[in-house]
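Visitor: Read off the chains here:
Number of protein chains: 2
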Amino acid sequence: MSTIILKGNIIHTPSRTHFECIPHGYLVSENNQIQGIYTELPEQYKNIPVQDYKDRLIIPGLCDMHVHAPQFVYRGLGLDLQLMDWLNHYAFPTEARFQDLSYARIYYEAFADAMAKNGTSRAVIFGTLHAPATELLMEILEQKKIAAYVGKINMDTLSPDYLCETPEGSLAATEQWILDTKDRFHYVQPAITPRFIPTCSSEVLKGLGELASKYDLHIHSHISEDLGEMGIVRERYPQYDNDGEVYDHFGLLNDKTVMAHFIYPTDRELELMKQRGVTIAHCPQSNGNVAAGIPPIRRMLDMGIKVGLGSDIAGGYSICILRAMADAVYLSKLKWLESKKQDSFLTIPEVFYLGTKGGGQFFGKVGSFEPGYELDAMVVDDSSLGTPADCLTLEERIERVIHLADDRNFTARYVAGEAAL
Amino acid sequence: MSTIILKGNIIHTPSRTHFECIPHGYLVSENNQIQGIYTELPEQYKNIPVQDYKDRLIIPGLCDMHVHAPQFVYRGLGLDLQLMDWLNHYAFPTEARFQDLSYARIYYEAFADAMAKNGTSRAVIFGTLHAPATELLMEILEQKKIAAYVGKINMDTLSPDYLCETPEGSLAATEQWILDTKDRFHYVQPAITPRFIPTCSSEVLKGLGELASKYDLHIHSHISEDLGEMGIVRERYPQYDNDGEVYDHFGLLNDKTVMAHFIYPTDRELELMKQRGVTIAHCPQSNGNVAAGIPPIRRMLDMGIKVGLGSDIAGGYSICILRAMADAVYLSKLKWLESKKQDSFLTIPEVFYLGTKGGGQFFGKVGSFEPGYELDAMVVDDSSLGTPADCLTLEERIERVIHLADDRNFTARYVAGEAAL
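Keeping their order, the protein sequence lines are chains H and E. Going by the working numbering, the first sequence opens with residue 176, and the numbers climb by one from there. Going by the working numbering, the second sequence opens with residue 176, and the numbers climb by one from there.
Because identical chains cannot be distinguished in the list, a pair is counted as satisfied if it fits within a single copy or across any two copies.
List time: in silico EDC-like cross-link candidates among lysine to aspartate or glutamate, alpha-carbon distance up to 20 Å: (1) Lys-389 with Glu-343; (2) Lys-292 with Asp-557; (3) Lys-320 with Glu-284; (4) Lys-292 with Asp-581; (5) Lys-292 with Glu-314; (6) Lys-292 with Asp-582.
Hints listed in this document are in silico derivations from the structure and should not be mistaken for laboratory results. Everything numeric in this text was worked out from a predicted model, so none of it was measured.
Work the whole structure out from these sequences, hints included.
Guide: Structure (structure tokens):
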């Protein structure tokens, strides 16, 4: 029986509307199940050592619901290019290099280190179409204790010659990779990951739906991100109203699916996401960087659609989900203006919820400190951030962390019930 | 005769359209006048020591054209409040505390340190209405070698009781403060700084215009930032079409004026800014944070209006002008969408220009390494930012710095011809 007791200023969002803050509280976990938060330590734990983080903040681990690991190589570059130029100049040539495992090791190690240092405990990750490099990425994530769904991606059409599979080859390699990896790791699982509808033939989408069902796997892709992509899909599948219906037709939409962006959903598509229990990965930095637009997040939340946050490296350049929280508020204010003040903007507790419990539900009971949840926790030292902590409420301190903290402020991490730094 | 020779990868933007990059070049300054950039050191400098920064980047000092020093206390807080709630809860009560010089010293020191560490060599700064604290801020900036125009601000109407002057008191205190400070510093000068039109009576605006003229001072304020503020101005001055005409009436618009925001300019107001030679301080992070809107920067640039960048602490939470550059591109992409793809978005060289030479012209020949310019230079070590430098062009390296660097990457600074770190 492994019991962990953390002491500090405990902050989480059991509900979306407000923070629950317990100053100098005790967070107790037994065998990776949170037992409770206590202002005084219960009698039965008195003989167990307490990890005392003093005046630091203890928050749930951050969940990155959409990120391209190979694109970490060129994050922060090409940000004044249009999307297709950017893909052709940076994304595709870089991804092609991941055929080389020694190249892949260098950048996947750097990627996983950066995630861990920036407070992420869980992630849903695109690899490349190369099964060996993707399996290597999974090994590295396992070793660094980042709990993740990882995808060998599929692309067999509308892709550059040097980065394109055959339909049969794509499906065969995917199934072999699933068999090789699905029982190999403790923290990491394979996920079905079509790049997006334009680069996948209907044969591949159909086969991926069957593999997802056969092996009971999670699914990850992009949806309704920009008008160009959507135009291609409408032309190829004129019988369907929207991207969502195409994915659904191939058996790729259910409560184990996460879809990134969803900037231009139709009413029918919103309803479909809700019915299928799909999680939307909102990537606010990327939405602006690729000049795609602003998704109607308030509307999704009001409908009860599940939403988390993603860094979308390298459409986004920041790997820290705190930054995604800040950007989500910022972008929602521009949506508020765009909607003539109809769509109220997101609040600080709401974006914190999205970056923790909102994404965390995709992994089970994750992203909150309620009883029965797994212990993913980050310890944050905010003493370098300016005004002394005793002048601020805990709500103010976590808001300041969201806006001003960086990797220097994360001082300890726990993932799935184990210390991980 | 003081000669400084810096060696490294020299990057600047003599024109707005592209970077000029000189790998492993020599930048030579004599008595704070740049002589040139050389790939081989000219004979006459052979006996002068060279400061060799090896493979690091050498860029012009960054110019922050609009920032509220006292608001540094609460940066990163209240970012889901509406503007008036934020002013009443954070801005006004905090500013009132600057009556206390020991409080002011703590936060003004922290503010100036943060600016210096983040690559800023020049700034245009709001203080509070308190002359003693504002003079202290000027002393601190002088000591930290930040060249600045600093304002004791004026507010005698529509302000909270505890932070409001009488018209006569406001003008008398301003003139005394000008006399006390205008010849006292080497790097720092007083600037006429009405908070904005709503908080200044016409008597005060008239008096400030006269003081600006009498002492030949620079001028700094806010203009056409949001529809609420503009409504107050239209009601008070129905004879004028826009904020600009009101400032102009009081003699406050000329080529020594910088005005922040300018989100909702009228055509006449744009033309007026151009004719008067006013500099606009574009503060992209603040524009979103306070949900004000997106200014037509492309249109201003096409018209030949002068534009620089501002952090607008604490409407913005980031004090680094690199972040303002990144945010300016991001926001311009949303403007591009809003304008139905009419207003092309800003490029990386353009925002670099705005953050250096664009703002720098307000201070004289500043913000570029052309001959005759002052030597403001920052040395940037980008070796921690990922992909090895030898895989990237210098244009790519500076773009990556704009998006990923922070205070850790600035390793040396020169301001007005002197080493300053």
